[in-house]
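Going down the list, the protein sequences come from chains P and V. With the numbering used here applied, the first sequence closes on residue 681, and no number is skipped along the way. With the numbering used here applied, the second sequence closes on residue 1215, and no number is skipped along the way.
Do not rely on the hints blindly, as some may be mistaken.
Computed beta-carbon distance windows for the label pairs [unchecked claim]: (1) Q1064/V / D481/P: 28 to 38 Å; (2) R27/P / H1184/V: 43 to 53 Å; (3) L1182/V / V32/P: 48 to 58 Å; (4) E207/P / D1176/V: 49 to 59 Å; (5) C1029/V / D96/P: 25 to 35 Å; (6) C1029/V / S468/P: 22 to 32 Å; (7) H1184/V / Y52/P: 46 to 56 Å; (8) Q1050/V / I7/P: 56 to 66 Å; (9) L1085/V / D481/P: 31 to 41 Å; (10) G348/P / E1069/V: 44 to 54 Å.
Quick caveat, the hints were computed from the structure, so don't treat them as lab data. Don't be surprised by glycine CBs; every beta carbon is placed ideally from N, CA and C.
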Amino acid sequence: MLKKERITRHVCPRNCYDTCAILAQVRNGRIVNITGDPAHGYTRGKLCAKGYSYLRRVYSPDRIKQPLRQCGRGSGHWVPVSWDYALEMICQKILDLKHRYGSTLPVCLNKYSGNFGLLNNAIEGLFNQLGPTTQVLGSPCWSAGLDAQTFDFGNNYNSNPENLRKAGLILLWGVNPVWTAVHSLPYIYEAQKEGAKVITIDPIFSETAKKSDLYFQVRPGQDGYLALALAKIIVEAEKEDKQFLQNYSLGWDEFREYLKSLNLNKLSRECGLNQQAIKFLAGLLINHSPVFIWVGFGMQRYANGGQNVRAIDALGALTGNLGKAGGGVHYANLRIWNMFKFNFHKTGYKNRYLNINRFAEELNQLQEPPVKMLWIANRNLFLQDANLRLLYQAIKEIELIITIEEFMTESTKYSDLVLPTTTFFEETDVVPGYWHHWLALNEQAVPPLHEARSDLDIALMVSCKMNSLEQGSCTFPQSGDASSFLDREFDDQAYSLLGIRHWSDLKDSPAKVNIPDVCWEDRIFETPSGKFEFYSQRAEQAGHPLMPALKEQRKPAAGKYDLRLLSPHSQHSINSQFQNLDWIKAIKPEPAVLIHPDTALLKSIVSGSMVRILNDYGEIVLKAAVSGAVPRDVLVCYQGIGDLNINRLLSGENTDMGSIVTGNHGLAILDTFVDIENQTD
Amino acid sequence: MKQNQRYNPAEFQRKFFVYRLLQDYYSGCLWQKKDNWNEILLTLAETRYQEEIIFFDLGMRLIQKLTQEAVYDFNRLFVGPEKLLAPPYESAYRNAEGLLMQKETTDVRKFYSIVGLSVVGQNREPDDFIGLELEFLCFLLYQAVSCFQRGEERADFYLNVYFEFLNMHLGNWVSDHCEDVLRHSTSYFCKGMAMLTKGFIEREKSLLMHKEEIL
Ligand code: SF4
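Let's have the full structure, built from the sequences with the hints guiding it.
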């Protein structure tokens, strides 16, 4: 047999800072190896452990290989069905509901961020062409921070993070890149080598904290207090950047007065750091320049999360770090996504949108018409949603639940029909990221395995079937392929930003997007005033204080559930993804809840004790690990702990902000209060 | 005990029948023959081996009833969507990585190509799916017999490939696979089919020593 070998380019489509470029070595139609793509200027030829495990995913014997129908939801009695049967089942149900209720509103889509490929959004496009449907709107992840930066800067841009290397001081504020954004580390280390100080601020003494020059343990969700305390000290020392404030900010006088009115004792108490420590940190901020502040997602997953981010933005502004190479306050970048128009998404129908973070509640309350068919795409809804008890209740009335998946998950368990989908090695797409400034192509390396179909193909097939059953019932295209859809998504503007003539040029190399290397360098902000806004009318119009405020944090009910449960991202999974792979299982530590030694003593818990964590929403039982890395009144349970579903404990409370950018407030995941009991008692 | 294995048309008919039965089973088509199941059992009983093959005979006793539970059990073992309890692929057993589409798969592909065969949907469906390996063996045996009947020398060639494939591939992993089924199956039917498969393939493998005398 003649050996035919080629190299194909790919991008990791996970909801991850790094959006790595990958090379696959394809021999006679099989992928035999994968590596990082050295042509990608940011990820530079390396992957994380999750990325290196991808072949385990493509060729796993456990992939879902054909459409499967469950005879009795939750029964585990599955039978394979043909695609035609599955499509018929779906489309007949849609038409039946449409005729019964006189509308397609009983048809509901719950989709989120499992795959960030552009064309992974095809199912949403399909739903938008069926008639008015019910869909979810918003994001559990990052909404509050996006709004906060929108109020302050006018948009969500970051500098090319390669600028980290030019920083004089790096504040890793609530972010754990050693685990969750490894490709930024070389830039951080480079700066460190050149003399920059690297400081981590986090409630948890994380792996990143361990590698930093200094670590400050802030009380969970009280980051805003620390930012304001620092601001107050710097302004009292008259070390603010007067020139910037005078020319490029709005509401400085008011903000300065506000800072004056704040009591340092209170700020210090609330943020959990003594004044000496805060003053020391303020001194570093004054004496080092530029200061690169990386704002993580964790601190905004609280009822006061948006305010935390606004306070840090203000700190970055008054120290004169905005618009400087190697400086600034960086949260996320929407510029790459904004290159695309999502043409296949457009709808002429008035959809009914449910808050993604109150899905179960709203689903339960919906009448006229109720939801009768639920389609889950790019999401493990039954593991990652909040208020799961209510969700189980709500689905009882639903006649058909469909999930598109690669593997069995908690959500497929509750589905009536499971549709097998391709991995990104079996489809063509581009994956816009939200951190670095590169765009890479995902080439199709191998044909779809088994009977798997891409999201786009599924959408096309459903449209065909709908129209064969009832002409005109779906206006989503019935033919075409990834190439024709990408042709429509890339316009001249995108090509000029990418410096290429056609998207297929990305087969030769990922492209650096020609957007400002340093955000806000011209100090022209996209706020209504064109300035950095300490004082934001837009915020007020949206029902928030004008200036970053000290919003009372959510507190546990007196005497009950007085421990806060933090569930940050783990090193070896992204939400619930990757956990099923044997390689990841082999390196992943056993699920455990971290508990402070003093709290452990009080509760007679030792490392290895089986403990029950509980509140009014649910409970989970797992091992305890006593650790000085966590505060006394906090338990830490990293995400992705297998079948143990931490989200069972979530109340579904929302964050303060989020509706401007994502349509709804975010999920205050970290405002979760619990008790812990030694299970062996 | 050395038996006379010389060409015996009834013996070959039996083998074809069993091969087809196993192929139908693994490709999930058997359920469609539910109404004819008793007939199939009768034919199977008629084709009993003269000597006792414990696994085969026991298996036959267990597969008397084709129930819906067996269908669910089958899907749980071999189809999904949950983690497969007994993946019906050679590479899942023999490859150190336990993945599909590995070297074992392409080795099997090479065998197919020796006689000019290839799998429809290559690189989509693993060539070493048990149903395909069974089909291939049945094909080789059929070709051997046909050539033999026509007095063609090529009969030996097919028979050689038959034993070589049995020895290098299916015969090498099917026992492990069947043991997985016996360990995890919750239905008499699937347990029975596993015994039948194991008994049958092991017997075929044992004939290797008498290869020269078979036709
Ligand atoms: S998970 Fe993140 S770091 Fe890992 S390969 Fe994917 S994009 Fe890169």
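Hints the structure fails to honour: 1, 2, 3, 4, 7
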